[in-house]
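There are 2 protein chains.
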Amino acid sequence: MGSKPTSWRLPVLWEAFVNYVWRGAALALTGLLCGSAPALAQPPTMAEVLAAAKPSDWRPVALEDTLYLELPTGRVVIELAPAFAPRHVANLKALVREGYFDGLAILRSQDNYVVQWGDPDAEQKDRQRPIRKAQRTLQAEFTVPDGMPFTPLADSDGYAPAVGFSNGFPAGRDRKTGRAWLAHRYGMVGAGRDNDPDSGGGTELYAVIGHAPRHLDRNVTLLGRVVQGIELLSTLPRGTAALGFYEKPEQRVPIRAVRLAADVPAAERTDLEILRTDTPTFAALVESRRNRREEWFRYAAGFIELCNVPLVVRPAARK
Amino acid sequence: MGSKPTSWRLPVLWEAFVNYVWRGAALALTGLLCGSAPALAQPPTMAEVLAAAKPSDWRPVALEDTLYLELPTGRVVIELAPAFAPRHVANLKALVREGYFDGLAILRSQDNYVVQWGDPDAEQKDRQRPIRKAQRTLQAEFTVPDGMPFTPLADSDGYAPAVGFSNGFPAGRDRKTGRAWLAHRYGMVGAGRDNDPDSGGGTELYAVIGHAPRHLDRNVTLLGRVVQGIELLSTLPRGTAALGFYEKPEQRVPIRAVRLAADVPAAERTDLEILRTDTPTFAALVESRRNRREEWFRYAAGFIELCNVPLVVRPAARK
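Chains as they are written, first to last, in the numbering used here: chain S, 1 to 319; chain Y, 1 to 319.
Honestly, the hints are just simulated from the structure, not real lab data.
We put the beta carbon where it would ideally sit given N, CA and C, even for glycine.
Some hints could be false.
[Stated by the list, open to error] Derived CB-CB ranges, DEER-like:
no.	chain 1	residue 1	chain 2	residue 2	range
1	S	248	Y	99	30 to 40 Å
2	S	179	Y	152	49 to 59 Å
3	Y	127	S	149	48 to 58 Å
4	Y	149	S	240	32 to 42 Å
5	Y	257	S	97	27 to 37 Å
6	Y	174	S	42	22 to 32 Å
7	S	94	Y	161	47 to 57 Å
8	Y	99	S	240	26 to 36 Å
9	Y	177	S	149	38 to 48 Å
10	S	248	Y	198	49 to 59 Å
11	S	240	Y	174	33 to 43 Å
Throw the hints in and build the complete structure from the sequences for me.
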């Protein structure tokens, strides 16, 4: 990584570089893999951490808890977090399995905030998409009883007493109240609601496409995270009506289908692996980002914010 | 805002709502404007703060320090910050005035990070865009001597000893070193560089289109902020080469021209006003966002991060 890349003119973000590390640049790091690691006085970079990761540092996405949002431009893969929103996840899966979303649309794209999808006729009871077995609304799950695995982030956070990661998801917790919750950050998916806290349920979903709106934490039920394809949402034209809603029906983006990965034939699945967040490898990755050691950097922050910690995804190895 | 909006299914972001407040919803708030303010037990919302703002709470964008980046899809307006990057701003203006950027291109769009523009042939000395009077590279201005106006944010920040706002720009400062710097957040514009800190100068620029990469603070020269049209950058297709560079020349987005607002005939200008950040109105706005009082919210954060404080822009009143 020390050689000067032609015309890159940094800043560099390593997250998008992961695929390249796995395919090609890993060659340059085989010293680490072969046990002939150079005697580094400083902690490794993220590229080095990932190159040295073991197969057990990764887990597959959970097929029973992963959705494929099929758009005309491709597939958005969303991993659900049943530990943090058990009722919403179960209901969303029921909605998906009865084909609720098929033929509905993306309704809203608000710059630096959210993309939102659901039923354009949700407010018109005579025209709204019918629901067979699932629920239209549910009791809110803004927070849940703590007790799930939790890897705390050592750095402080202004929005929560403690933050960290649970099974690959960003989360907050409060030991005084004994509650935990998912935290908003880029790519997180939640259940839209009206003013009544219990008016959501999964029929209308949003994904964060901008700076983390952490003030929404504990105000809305988050239920998953986009693990591939967020750019299909983040590059959508912004809506020009209030709050980024599309003004005209023809501006909406049609949803071909939403399917559960487990229901899709194996050959049509998107096989992904998630870097586990409860391992020494992940701890090393966090440290590699708290103080950047890549040659380009001149000042080490000595800190990292929850929403700047990479949550790394890679194509699964061929079986 | 108490009435339930049809099919909005929040979350709501007020920033994009500002125009609506000025045009229509202000009617609903005339009680405040007419002196018959309701006896509120709680602090006002952002909409109420803006509706009650005085003309003196706003300032015009500085014509001599504002650039128009003209794309096939429209105009991106960038206000420069000479107080934080005097050499870079002067050089960038010189580059613009000699037409350096006209006909160059957007080269890179990396999801949740930056869009970058400049000379595709910058690394090929025999083909690179010539420069007449301006400089190709400059001494870095990662930080500058403190001393400019500064409205501190009371809430803590992990990336800097203190953060706040100076003339509408987000900034950090360190009293121990006596230095100040612009902070990365959505829409901020900086000067790309190679590994040598003094290899930038303004010929290659980037704008943040994702979560604030605050670890870049003090590592690169920030020099301004997009005050209108960031969505023309944030919705660009992502590049599929390493770091989000476009793989093929035809994928690049041509730059029709970059012009200084002061050099553009008055009739062709985009007249904008910026909410001042050194006023009681701005302090009230910050407070309105630390604890959201809108009916939708159930939990008040009691905190706000630098990058979630709205920096409000509106069309200038007709003269």
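| said: Just to be sure I understand the hint, the distance between the Cβ atoms of residue 248 of chain S and residue 198 of chain Y should be within 49 to 59 Å; is that true here? | reply: holds (50 Å)
| query | For the pair residue 94 of chain S and residue 161 of chain Y, does the Cβ-Cβ distance stay inside 47 to 57 Å? | reply | holds (51 Å)
| field | Outcome of range test on Cβ distance (residue 149 of chain Y, residue 240 of chain S; 32 to 42 Å) | value | For residue 149 of chain Y and residue 240 of chain S the Cβ distance comes to about 35 Å; the hint holds.
| message | Given the hint of 30 to 40 Å, is the C-beta distance from residue 248 of chain S to residue 99 of chain Y inside that range or not? | response | The hinted range 30 to 40 Å holds for residue 248 of chain S and residue 99 of chain Y, with Cβ atoms some 39 Å apart.
| said: Looking only at beta-carbon atoms, does the pair residue 177 of chain Y, residue 149 of chain S fall within the given range of 38 to 48 Å? | reply: holds (41 Å)
| task | Could you see if the CB distance from residue 257 of chain Y to residue 97 of chain S stays within 27 to 37 Å? | result | violated (53 Å)
| task | Could you tell me whether the CB distance from residue 127 of chain Y to residue 149 of chain S stays inside 48 to 58 Å? | result | holds (55 Å)
| Okay, residue 179 of chain S versus residue 152 of chain Y on CB: inside 49 to 59 Å? | This hint is violated: roughly 32 Å between Cβ atoms.
| said: The hint says 26 to 36 Å between residue 99 of chain Y and residue 240 of chain S; measuring C-beta to C-beta, is that right? | reply: holds (32 Å)
| Are residue 174 of chain Y and residue 42 of chain S spaced within 22 to 32 Å by their CB atoms? | Since the Cβ atoms of residue 174 of chain Y and residue 42 of chain S sit about 24 Å apart, the hinted range of 22 to 32 Å holds.
| Within 33 to 43 Å or not, the Cβ separation of residue 240 of chain S and residue 174 of chain Y? | At roughly 42 Å between Cβ atoms, residue 174 of chain Y and residue 240 of chain S fall inside 33 to 43 Å, so the hint holds.
Of the numbered hints given earlier, the model fails hints 2 and 5; all others are met.
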